[in-house]
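Taken in order, these protein sequences are the chains called A and B.
Counting in the UniProt record's numbering, the first sequence runs from 1 upward without gaps.
Counting in the UniProt record's numbering, the second sequence runs from 1 upward without gaps.
Hints in this document: simulated from the structure, not taken from any laboratory.
Treat the hints with care, since some could be wrong.
Below, simulated SDA-like cross-link-like pairs (lysine to any residue); rule was C-alpha separation at most 25 Å, straight line [what the hints assert, rightly or not]:
#	chain 1	residue 1	chain 2	residue 2
1	A	Lys60	B	Ala195
2	A	Lys60	B	Ser11
3	A	Lys186	A	Ser146
4	B	Lys220	B	Phe179
5	B	Lys20	B	His48
6	A	Lys66	A	Gln76
7	B	Lys142	A	Phe170
8	A	Lys209	A	Arg72
9	B	Lys220	B	Glu172
10	A	Lys220	A	Thr205
11	B	Lys20	B	Pro83
12	B	Lys60	A	Lys60
13	A	Lys60	B	Gln32
14	A	Lys142	B	Pro192
15	B	Lys66	B	Trp151
16	A	Lys142	B	Gln65
17	A	Lys20	A	Thr53
18	B	Lys142	A	Ser144
19	A	Lys142	B	Ser175
20	B	Lys60	A	Arg164
21	B	Lys142	A	Ser134
22	B	Lys20	B	Arg140
23	B	Lys20	B	Glu50
24	B	Lys60	A	Arg72
25	A	Lys142	B	Val136
26	B	Lys142	A	Gln137
27	A	Lys142	A	Ile112
28	B	Lys142	A	Tyr145
29	A	Lys142	A	Thr178
30	B	Lys60	A	Pro83
31	A	Lys220	A	Ala195
32	A	Lys60	B	Pro83
33	A	Lys142	B	Ser146
34	A	Lys20	A	Glu50
35	A	Lys209	A	Asn141
2 protein chains.
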Amino acid sequence: MSTHYTTPAVSVDIVLLTLKNQSLHVALHQRQQDPFSGALALPGGYIHTEEDTDLEATAKRVLQQKTGLTPRYLEQLRCFAGPVRDPRGWSVAISYVALIPLEALEQSGNGIFHFFAVDALPALAFDHAAQIQSAVQRVRNKSSYSTLPCWLLPEAFTLTELQRTYEQIFGETLSRGTFRSRLGIKVSDVAPGEAADDAQLLIATDAMKGGAQRPARLFKVNQLGLFRRAWW
Amino acid sequence: MSTHYTTPAVSVDIVLLTLKNQSLHVALHQRQQDPFSGALALPGGYIHTEEDTDLEATAKRVLQQKTGLTPRYLEQLRCFAGPVRDPRGWSVAISYVALIPLEALEQSGNGIFHFFAVDALPALAFDHAAQIQSAVQRVRNKSSYSTLPCWLLPEAFTLTELQRTYEQIFGETLSRGTFRSRLGIKVSDVAPGEAADDAQLLIATDAMKGGAQRPARLFKVNQLGLFRRAWW
């Protein structure tokens, strides 16, 4: 027996991305009920009109229930809608992209989630492959002109770790000199509280990292901002 | 007596922009029923699940009914949703931006529409002011790296008309030399079928325009594309 909607069902779906094994991965869980029972899918949920103050609240509630975590970054992607994405009939999915560092996910015990490389996805429920593709494109675009990749790192990081993060998002490597020149990083041995870059976004902490190797300064990001020159 | 939705109502709202009196204007109509009866509002409608093949089809159907026209450009903006935008309860509005040249709107007889400068809006129903602001920002951003403004011109236009269109979207003027240099326009007296610019987007037609003044070549745009260098 099929159920047909006369007014479209509305859900909020979340593309939760993290960096794992040096590449972007997405969190998927296995569906326990039809449609697509047994298939891998994005986490999502219906709007709870009696408690959700807006769509972002719906997205955060769903993530909190599935991971116990609040995302470092959350942004509305777009609406995916139509009569065929859900076999039960016309539906509207409002898609969100969320970023959580792997460290936090592993500490909270990501229970129901399996992580898959975004460039090697298995068969998925609904139109979730299209949603993931859209989210990855947004993250890659935004990473080319901002400090977005910082939300996939711990709060404090070395400049080398920052470079690796950008490289892993784009799937390409850069020489250290080129990377630092593009971000406007003048010199890396700056004093605590001082910025390493032109745009004053990468602020040195008073902590260092590294044992046997030469210790490296740890930095924090000032804000999600724009680097002065377009790059990558 | 108020009506409360338990599952959110879903509408598609359209920010129809055009250039009038040398600045961006938005099409508004006066609401005939509550809520906000008598107030100015964006055109919009509910999804007709029995006939609409997707959200774009809903947007086109609404525009067709209100203007008899198909937009030259139509793009999904984002979802505006929550419990307060509509006094009847939780609602979801999927916002679209559409561009139609003023010439076409005036020929079709825009009946129910009034056009208001986007920088001088009256009080509006729902959250339509926020939707318009978002649409204008999208159009200005995209205009800074593409030929989007061409969709507000007739199919064939002079390079001076093109310059005025960009200037009116941004609300600032440029010297002719600066404008042409930024678009990579080498020289304007190119042969029919040849491109005036580096990116091969502005193609000369075999027609000219202008009476008493020096006649100017008419151009058509090749496609919505990217100019090779970022500008403006």
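Consistency of the hints with the structure:
1. A:Lys60 with B:Ala195: violated, 50 Å
2. A:Lys60 with B:Ser11: Cα-Cα ~24 Å, so holds.
3. A:Lys186 with A:Ser146: Between Lys186 (chain A) and Ser146 (chain A) the Cα gap is close to 17 Å, so the pair holds against 25 Å.
4. B:Lys220 with B:Phe179: holds, 17 Å
5. B:Lys20 with B:His48: violated, 32 Å
6. A:Lys66 with A:Gln76: holds, 19 Å
7. B:Lys142 with A:Phe170: This hinted pair holds, its Cα atoms lying about 23 Å apart.
8. A:Lys209 with A:Arg72: holds, 23 Å
9. B:Lys220 with B:Glu172: holds, 24 Å
10. A:Lys220 with A:Thr205: holds, 7 Å
11. B:Lys20 with B:Pro83: violated, 35 Å
12. B:Lys60 with A:Lys60: violated, 33 Å
13. A:Lys60 with B:Gln32: violated, 38 Å
14. A:Lys142 with B:Pro192: violated, 39 Å
15. B:Lys66 with B:Trp151: holds, 19 Å
16. A:Lys142 with B:Gln65: Measuring from Cα to Cα gives roughly 37 Å; hence the hint is violated.
17. A:Lys20 with A:Thr53: violated, 33 Å
18. B:Lys142 with A:Ser144: Answer holds: Lys142 (chain B) to Ser144 (chain A) is near 17 Å, not above 25 Å.
19. A:Lys142 with B:Ser175: With a Cα-Cα distance of about 32 Å, the restraint between Lys142 (chain A) and Ser175 (chain B) is violated, given a limit of 25 Å.
20. B:Lys60 with A:Arg164: With a Cα-Cα distance of about 45 Å, the restraint between Lys60 (chain B) and Arg164 (chain A) is violated, given a limit of 25 Å.
21. B:Lys142 with A:Ser134: holds, 18 Å
22. B:Lys20 with B:Arg140: holds, 16 Å
23. B:Lys20 with B:Glu50: Violated - the C-alpha atoms of Glu50 (chain B) and Lys20 (chain B) are around 37 Å apart, more than 25 Å.
24. B:Lys60 with A:Arg72: The hint is violated at about 37 Å.
25. A:Lys142 with B:Val136: holds, 20 Å
26. B:Lys142 with A:Gln137: Measuring from Cα to Cα gives roughly 17 Å; hence the hint holds.
27. A:Lys142 with A:Ile112: Since the Cα atoms of Lys142 (chain A) and Ile112 (chain A) sit roughly 29 Å apart, the hinted pair is violated (cutoff 25 Å).
28. B:Lys142 with A:Tyr145: holds, 16 Å
29. A:Lys142 with A:Thr178: Roughly 19 Å separates the two Cα atoms, so the pair holds.
30. B:Lys60 with A:Pro83: Holds. Lys60 (chain B) to Pro83 (chain A) sits at ~17 Å (cutoff 25 Å).
31. A:Lys220 with A:Ala195: holds, 10 Å
32. A:Lys60 with B:Pro83: holds, 17 Å
33. A:Lys142 with B:Ser146: Between Lys142 (chain A) and Ser146 (chain B) the Cα gap is close to 18 Å, so the pair holds against 25 Å.
34. A:Lys20 with A:Glu50: violated, 37 Å
35. A:Lys209 with A:Asn141: Violated - the C-alpha atoms of Asn141 (chain A) and Lys209 (chain A) are around 30 Å apart, more than 25 Å.
The structure is inconsistent with the numbered hints 1, 5, 11, 12, 13, 14, 16, 17, 19, 20, 23, 24, 27, 34, 35, although it conforms to all the rest.
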